[in-house]
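Novice: Next come the chains, spelled out residue by residue.
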Amino acid sequence: MSILANKDTRVVIQGGAAGVNAARRMAEFCYLIKRPLNVEAFVYPPDAGKTNEIPYGSGLIAIPVYKTIAEATKNHPTINTSLVYIGADRAMKGTMEALDDSHIKVVSMITEGVPEKDAKLLGAHARKLGKVFNGPSSIGIISAGACRLGVIGGAFDNLVLSKLYREGSFGVITKSGGLSNEIIWICSQFADGITTAIGIGGDAYPGTDYVSYLEMFENDPQTKAVVIVGEMGGDLEERAAEWYGAKKRRVKLIGVVSGFCQESLPKGMKFGHAGAKEGMKGEGSARSKSDALKKAGAIVPATFGALGPAIKDTYQELLKSGQVKEVVEPTALPRLPKTVEEAMKADEVMVAPLIRTTISDDRGDEPCYDGYPASELINKGYEIPHVIGLLWDKRLISKQEAEIIKRIMMLSADHGPCVSGAYATILAACAGIGLSQAVAAGLIMIGPRFGGAVTDAGRWFKYAVDNKMNVDDFLAYMKKNVGPVPGIGHRVKSLRNPDKRVKELVGYVKSLSIKTPCLDFALQVEQVTAAKKDNLILNVDGTMAAVLVDLGFPVDSLNGFFILSRTIGLIGHWVDQKRQDSRLIRLFDYLVNYAAPKRREVPPLK
Amino acid sequence: MAKVLEGPGMGLMKKWGIHVPNYVVVTSADELAKLGQANDWMKASKLVAKAHEALGSRFKLGLVKVGLDLNGAVAATKEMIGRQVGSITVKQVIVSEMVAHKEEYYCAVKSTREGSEILVANCGGIEVESNWDRVKRLCLEVGQSPSHEALEKLAKDAGFTGALTKKMADFAGKMFTCFDNEDAQYLEVNPVVVRESDGELVALDAVTLLDGDAKFRHPDWNFQFAAEFGRAYSKDEVEVMAVDSKIKGSVKFIEIPGGDTAMLPAGGGASVYYSDAVVARGGKLANYAEYSGDPPDWAVEVLTEKVCSLPGIKNIIVGGAIANFTDVKKTFGGIINGFRKAKGDGKMKGVKIWVRRGGPREKEGLDAMRALKDEGFDINVFDRNTPLTDIVDKALQKQ
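Sequence lines, in order, name chains Y and E.
Position 211, counted from 1, in the first sequence is what our numbering calls 211; the numbers after and before it change by one each time, with no gaps.
Position 357, counted from 1, in the second sequence is what our numbering calls 357; the numbers after and before it change by one each time, with no gaps.
Keep in mind that the hints were calculated from the coordinates and are not lab data.
Warning: the hint list may mix true and false statements.
Covered by chain E, according to a simulated footprint, are these stretches of chain Y (three or more residues, beta-carbon under 8 Å) [claimed, not checked]:
{"hint": "1", "region": "147-156"}
{"hint": "2", "region": "257-266"}
{"hint": "3", "region": "389-396"}
{"hint": "4", "region": "426-434"}
Beta carbons are placed, not taken as given, at the ideal position from N, Cα and C, and that holds for glycine.
Taking the hints into account, I'd like the entire structure generated from these sequences.
Specialist: Written out as structure tokens, the structure reads:
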């Protein structure tokens, strides 16, 4: 037996993420005691119509989310209990809704920071309806072997250690959520464990107080003794003492009260929960509460530390008098399936990784590029080209190499609005398309005819240099096997109208004392091709390609330099159009050569 | 519970129709002089100047001056602003008109478990404190408003007669309306006086405690709440409060000068038992601290640094019950980082650390704490099998 929460308790949880977390904890308990999940529904208007997936054992249970309590109880008429996880500013309304529903008999509120007036109104309303309103700020209610409401009881291991899978003989009532677990643990170690433990919350005016629950425990034959953990402030403990002393009670009462430190603290200083406030003339002090409990005949250990032995003594007495019997523990208990991560940590499973990475690691407090922490790179003066070197070629490049890459990027960042990439981005921007999609539209243009020849140019120049080919053999090989030489030729530029970017880059690289076999070869090729035709010059793709191959970058990464640099320009074009609030672009029909058949009659469908 | 200073407290009463004297709150004598030119009452009536800070015994400290003219009030303000009383610097002065009166009465509304209680006495000032039996009460259930008849009966029971009965009943009714609508926990006017000029009841002094949790529905609460223990918050206390206001869960920190046992326990319930255990063992608390509700590790780290910075500490009690959902490994991670920083700053010399905890990931958390021994910390770590406050016994026995 138990009070408040039992095997027939069916729950609706009001609230979002915190409520889902509670449901998970409750499912762990249900799994431990081999009972179906006791959560029937959630009420959370933003997610109404969806389901929350609650792990149970190794499976998942989908619990529906409703907009209102009425919808939840209509669809799940067995619901008799509500747990409130709604924010303090909305908790009152939601809780009233639950109290007013005829199916619901118990409402427990977890929300903290609820205005006192709201808590009092809810308490009064519940009393009027003959229902239980527990909380606010309650950690929950747990009946061993029967029902868990909320996160009370803690992690799965603790449920087992505290023997919550089967009932004992001790009732527990605490204000503090943390101490509820501690007392449950003590009862399981010094005695036979608990029947029901209730967190009433640490607020000044909890909806239900010790006396109401003591009365319920008194009427629960399984509960032989009740442990209450009090705090200074208010008069709930005094009322409990009064109840206990009023007549002979069946249950034994064990009580401790905190707040003795108050006597030696500076005046006015108060600690702990909101309810921990001392009255003007010493009423509500830890001492007066302790004294009241003692006077009423309760067992009051001098300190918290003496609580365990006091519980033990009580249990031994109960054993002796035959009121309780020694417990026989079950031989096997369900074990909570481990998650893959937990099982791996315990060396119980081996998982074949899905992907493998050799360049970066994000598992620490900051990303490491090829092993180097990003902040350390920054602080030691490294720059973007070095990051490119680490992530694309897994090496820390030199200052000189970084300078070359920086120049390549600056030279290819943009080339005006008319080229395919920029034009595509502008078209998209003017159609109201977002940044990432519009830039992607521009990037899609990069290919064999626009900006995408860097990799191929690098590949074939490298092929020639690696195989020590001369220019004539190379051109012959290309003509036979590949086609036009990538990196050679320009739509508008020519020998007489040279590309300044190429001149600039070649000039700089040649001014350095580094070996540039690929670039030298490319320039030789240009001499031959440009002599044949004026515009068959080494273009910017070819120049970049040759230089980057000379720096040692892998051929397959070369297009990346153009894609990366040009992204700067594409973003600029998108922002530029956005800033101007440009209109949708539509081609004028005079820009189209309509070469389609003239208008004609559609033949009947056959 | 949030204490409100006199100025904003009187403002709330005025809002609900209670007569209060004219008053201004100023931060400099110049400001008062300028206001004096603009407000006729400041020239026409005698004035009272009081330091507008959360200080007790202001009269004894010379921080209340009565019977002043405007020049006198300006001089008094000049004298009070900037005065240092303990850790509080006087920054504001409230100047109000003196209300000529003969009789003094008492009226208060306080929160009770059932609802509230209206208190009325036909004596006031210090007289009411020595004649507490003359205070009459009207108990109200939450959601219930007092009827005129009930209020008049209360006034009559308290000994009011004639026209004053109705006036006192009205006054008490307005006090209740203010209490109810402003989510107050305690309102007290002592004294309530009969203004000679028009015979109206006026609130001469206001004690106002509001429910800080209800702030969300009072956009006009634009004032700051005052510290409740007669001293200003310290820099470290303010910093921890700032962290607390930003996070899920909570961290709390109050300094107690002169102590040598520093507290760093978890949970609002257990932390008080730890403090009790220190006091019971004859130890001297250096602070109160608490972290609860699974706060982020960085917040616990800030709290730890503040605890380690307390002067003259010999022991740090890292206690805690068996947590329901606070991640022991993660929160201990914050504490460990705080310890390391403090050690780096040379603050942990001769300081013993005592740990006891249970809860989610307790083994990993406790193991991490134990490993601090290898870094040269004087640390003793216990698990759930050691009763809650035994670490305090061990810590203080060894001294």
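Novice: With reference to the structure, classify each hint as holding or not holding.
Specialist: Here is how each hint holds up against the structure:
1. 147-156: holds (count 5)
2. 257-266: holds (count 8)
3. 389-396: Coverage by chain E is violated for the region 389-396 of chain Y (0 residues, Cβ < 8 Å).
4. 426-434: violated (count 0)
Hint compliance for this structure: hints 3 and 4 are not met, and every other hint is.
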